[in-house]
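A.B. asks: Turn these sequences into a full structure, and let the hints steer you where they fit.
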Amino acid sequence: MTLLLDLALVAGLLALALHIACVRDDRNAIVSFIAFGLLLGLGWTRLASIDVALTEAAIGGGVTGVLLLRAEAHLRTGKTSDTSKNRGTSKSRGASTSRGATALAAIACTGVAAGLALVVLTFPAPAPTLAPAAAAALPGTGLGNPVTAVLLAYRALDTLLEKVVLILALIGIWSLAPDMLWGGAPSLRPAVVPEPLAYLAQMLPPFGVLIAVYMFWVGADAPGGTFQAGTVLAAMWLLVMLAGLRPAPETRRLALRLVLVGGPALFLAIGFLGFAIADGFLSYPESIAKPLIVGIEAALTLSIGATLGLLVAGPAQTAPGR
Amino acid sequence: MSALAAAPAYATTPGGFLLVLAVILPAVAVLVMLALGPRQTARIALAALAAGLAVAIAIVAELLQTGAALTYVVGGWQPPLGLALRADGLSVAMLAMTALVVAATGFFAYAQHRLEPATRHGRAPTTFWILLMAVWSALNAIFIGQDLFNLYVAIELLTFAAVPLVCLDGRKETVAAALRYLLFALLGSLLYLLGTALLYGSFGTLDIRLLAGMSADGPALSLALALMIAGLLAKAALFPLHLWLPPAHAGAPAAASAILSALVIKAPFFLILRLVLDVAPPQAAAYAGQLLAILGASSILFCSVIALRQARLKLMIAYSTVAQIGYLFIVFPLAAGTETLPPSGTIAWTGGALQLVSHALAKAAMFLAAGVIAEAFGHDRISGLGGFGRVLPISAVAFGLAGMSLMGLPPSGGFVAKCLLLTAAVTGGHPWLAATILAGGLLAGGYVFRVVDRALATPAIPLAVCKPVPRRLELAALALALAAVLLGLVPLQPFGFLLLGRPDSLTVVAP
Amino acid sequence: MSAQSLDPATLFGLCGAALVGIGLFVVITHPGLLRRIVGFNILGSGIFLVFGAVARRGAGAGFDGDPVPQAMVITGIVVAFSATALAVALLQRLFDLTGRETLETEQEPLPRSGP
Chain V
3 MTLLLDLALV AGLLALALHI ACVRDDRNAI VSFIAFGLLL GLGWTRLASI DVALTEAAIG
63 GGVTGVLLLR AEAHLRTGKT SDTSKNRGTS KSRGASTSRG ATALAAIACT GVAAGLALVV
123 LTFPAPAPTL APAAAAALPG TGLGNPVTAV LLAYRALDTL LEKVVLILAL IGIWSLAPDM
183 LWGGAPSLRP AVVPEPLAYL AQMLPPFGVL IAVYMFWVGA DAPGGTFQAG TVLAAMWLLV
243 MLAGLRPAPE TRRLALRLVL VGGPALFLAI GFLGFAIADG FLSYPESIAK PLIVGIEAAL
303 TLSIGATLGL LVAGPAQTAP GR
Chain C
2 MSALAAAPAY ATTPGGFLLV LAVILPAVAV LVMLALGPRQ TARIALAALA AGLAVAIAIV
62 AELLQTGAAL TYVVGGWQPP LGLALRADGL SVAMLAMTAL VVAATGFFAY AQHRLEPATR
122 HGRAPTTFWI LLMAVWSALN AIFIGQDLFN LYVAIELLTF AAVPLVCLDG RKETVAAALR
182 YLLFALLGSL LYLLGTALLY GSFGTLDIRL LAGMSADGPA LSLALALMIA GLLAKAALFP
242 LHLWLPPAHA GAPAAASAIL SALVIKAPFF LILRLVLDVA PPQAAAYAGQ LLAILGASSI
302 LFCSVIALRQ ARLKLMIAYS TVAQIGYLFI VFPLAAGTET LPPSGTIAWT GGALQLVSHA
362 LAKAAMFLAA GVIAEAFGHD RISGLGGFGR VLPISAVAFG LAGMSLMGLP PSGGFVAKCL
422 LLTAAVTGGH PWLAATILAG GLLAGGYVFR VVDRALATPA IPLAVCKPVP RRLELAALAL
482 ALAAVLLGLV PLQPFGFLLL GRPDSLTVVA P
Chain G
41 MSAQSLDPAT LFGLCGAALV GIGLFVVITH PGLLRRIVGF NILGSGIFLV FGAVARRGAG
101 AGFDGDPVPQ AMVITGIVVA FSATALAVAL LQRLFDLTGR ETLETEQEPL PRSGP
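Residue numbers (my numbering), protein chains in the order written: chain V, 3 to 324; chain C, 2 to 512; chain G, 41 to 155.
Because the hints were derived from the structure by calculation, they are not lab data.
In this text, all values refer to a predicted model and were calculated from it rather than measured experimentally.
Please note that the accuracy of each hint is not assured.
Stated by the list, open to error - Distance ranges between label pairs, derived from CB positions:
id: 1; chain 1: C; residue 1: L65; chain 2: V; residue 2: T104; range: 50 to 60 Å
id: 2; chain 1: V; residue 1: K81; chain 2: C; residue 2: L457; range: 51 to 61 Å
id: 3; chain 1: V; residue 1: P322; chain 2: C; residue 2: A285; range: 54 to 64 Å
id: 4; chain 1: V; residue 1: K292; chain 2: C; residue 2: L47; range: 33 to 43 Å
id: 5; chain 1: V; residue 1: T104; chain 2: C; residue 2: G430; range: 37 to 47 Å
id: 6; chain 1: C; residue 1: G447; chain 2: V; residue 2: L106; range: 28 to 38 Å
id: 7; chain 1: C; residue 1: L47; chain 2: G; residue 2: G102; range: 49 to 59 Å
id: 8; chain 1: C; residue 1: G171; chain 2: V; residue 2: R78; range: 18 to 28 Å
Cβ atoms here follow ideal geometry from the backbone N, Cα and C, with glycine treated the same way.
C.D. replies: Structural data, given as structure tokens:
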């Protein structure tokens, strides 16, 4: 019975969340978080949101997990090698909030959760929805997937600003490199590359790229789309860099910067074109709406892949060459 | 409840495309800077500053000419399915203020970067320009957005652009301050997002005008608004959630501090204003207004006292920011409308708007002047600045004029603002708020005069200049301070400009 | 509460509410910053599940769910990831500079020189 499946999923999610809250070891918590992300992806399929399930599994569970694991390893090796000059006081790792404050926080958070639960239970029925409006406007875009239509047509400005947000996060991360190293390449390759990793990095990327292209292409009419495809591309690129098969690129290289900028630039260009050939900014003429949108998606997929990969790679760690 | 009436809620006005340009031109600048590389960044920035300033002036002109709010329906998709941008009098005032402060700060930063030719195209200057453009784009989007989720993406853009500005110099203290800022800001954004989820679940729309037109009520609305306002308060650094601001704003380089204290901190307040005035039902708005006023008054008193005790100039100015933000929050109960008078018609509304703008100009001027002082003497300990008025007269005058506005001395924008607020407090029967406004002015006088006293001192050993500073670097601060003073020529009654486009009624189809 | 009312939307909506509470608790009380960042992600996931419940309830016009909240969640997931990336980078930089991975609650004295 599907109710049992749903209950099992929810129980798993809550158990993992509580485990993450209570466990002492950071690495344990992060691995639990990755499992949490995958269970969450399954949960999204139960909510009939396949696009979101793909995105959550790819970004929420996958890439975030890689990011956190690498960070945890960095912090751990830094701590064991520098215990002599570790300036952190021993009490900073202990309970920095008193028992009373923790209890108060627990009560407050339970209160917020309870209030939320009450509101969720008393949502109006029939539920107000924009599905009819989205369905009515869908033929004008030539698309079959309404979520893609919302992302790239009805609320395209949100997606455009979100792309700028991604680039800003990358600029911010790059700015954390020391002055001497800025513009150089991040380093992803570990000192010793395990054999299975090298093998995986040689075998998997072609399939990954194929899956990414399929996901992007089918996203116009079925669940899929730029973010999911871009994440798979980023994952393949990260795999290659992590296994040392290709070095991470210098962040000041022109080709890299053009790939990063290409997606949003094309998006903006077509948006401005709307002033001339359609109703205004970010509106598409009905006859060529679908080709335009798919074109934007193609460029965006590449940009998103590059951006997400570089977000995980972090700031430059080697000085830029001549 | 399906509120999709037959008549469209928004209609694009002829000048509406300017709103798109206001948001998109700085974003285009970000992309071009990233594409063309560090050597071209400063030149692209100057071009973008000029273009953005022109767009802001055009928007002001359009508003004055048509007397109606500018509206743009993005992509032709009507809300609630699509997004709309709308600029009424207050929004246009904010757009103009942002353009002015960004331009002046950009001019200052350009001149400052030129002082060190070796690092002109290095990490810090290049990153600064890109972040400045992103902050500008985000601020414009916040001031004219009509959809709550669009506003969420805009405030996230603002956070991601502002946080790296704090740790631009790479010291460990500023990195810690930036991380603390990021964590507070993220918590705020997530609480805001949770509120929008509840609002959408209950009403099926996130458009501000449609939500206001629904005359919505219920526990969902109250919880959603409480969460959103709590989140925005964390971002606005209202007491007691202000702990992250002083180290962050004081640790940033001078130009960045100016932008952070003058502009970035105003955006969450603007959103709280829209939520309380447009979306909240009247009783909830009144209750929220009382609570916000108490916190605001605490902010003014508590943080002004802390500012008095600061040894470093930039920290003092940062605490002053937190205190002055409190003035904005005491506007809520003072600007409560009655049956005959909408909130935008009260003098407290005009006072609050003037406080927003004059504080932005004055605070930016103060931080730029402090930046010149630190550049020239190598430190910013107030006790060690005896006699700096002789060495840097322009900066001292700029600081003094800006201080006048903060204290509320005539003639200045700050004086008019506080005078209006004081009148509203006295006539509206809020004696404690009136007393707070007066006390805040006295305390501000305290910390401003500390610095002015240092400027006018004649020490036995004249102050040594660590590095000579060209005069033009000081001009930006002076220009902003003069603008703050010129605002004092505004007549002491509801400024018609701010009333344009308000009240925002759904039944009127024409914008 | 009868089994009929425990449709996936309500169930996952309640799960989201619980996750918001747990995530908020981790963010507010845990001393280690890396765990707090994980807490932010749990908090975000809870919020997205509430959106998801709203989307599922909004099924209609031939769709299994309201597409607008789904698109908002996708945008939110991407933004949350970039926030995590920035926070983690800042944390690593702080650790490299100071050897600490916690933020002291009391304000540190800032150096006396420099602008």
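A.B. asks: Determine for every hint whether it applies to the structure shown.
C.D. replies: Structure-based check of each hint:
The hint said 50 to 60 Å for the Cβ distance between C:L65 and V:T104, and at roughly 57 Å that hint holds. Range check, V:K81 to C:L457: about 52 Å between beta-carbon atoms, so the 51 to 61 Å window is met. At about 56 Å, the beta-carbon gap between V:P322 and C:A285 stays in the expected band of 54 to 64 Å. Separation of V:K292 from C:L47 is about 40 Å and conforms to the stated range, judged on CB atoms against 33 to 43 Å.
Separation of V:T104 from C:G430 is about 43 Å and conforms to the stated range, judged on CB atoms against 37 to 47 Å. The beta-carbon spacing between C:G447 and V:L106, approximately 36 Å, falls within the hinted interval of 28 to 38 Å. A C-beta distance of roughly 53 Å is found between C:L47 and G:G102, which places it inside the suggested range of 49 to 59 Å. Distance hint check for C:G171 and V:R78: the Cβ-Cβ separation is about 24 Å, which falls inside the suggested range of 18 to 28 Å.
Checked against the numbered hints given earlier, this structure breaks none of them.
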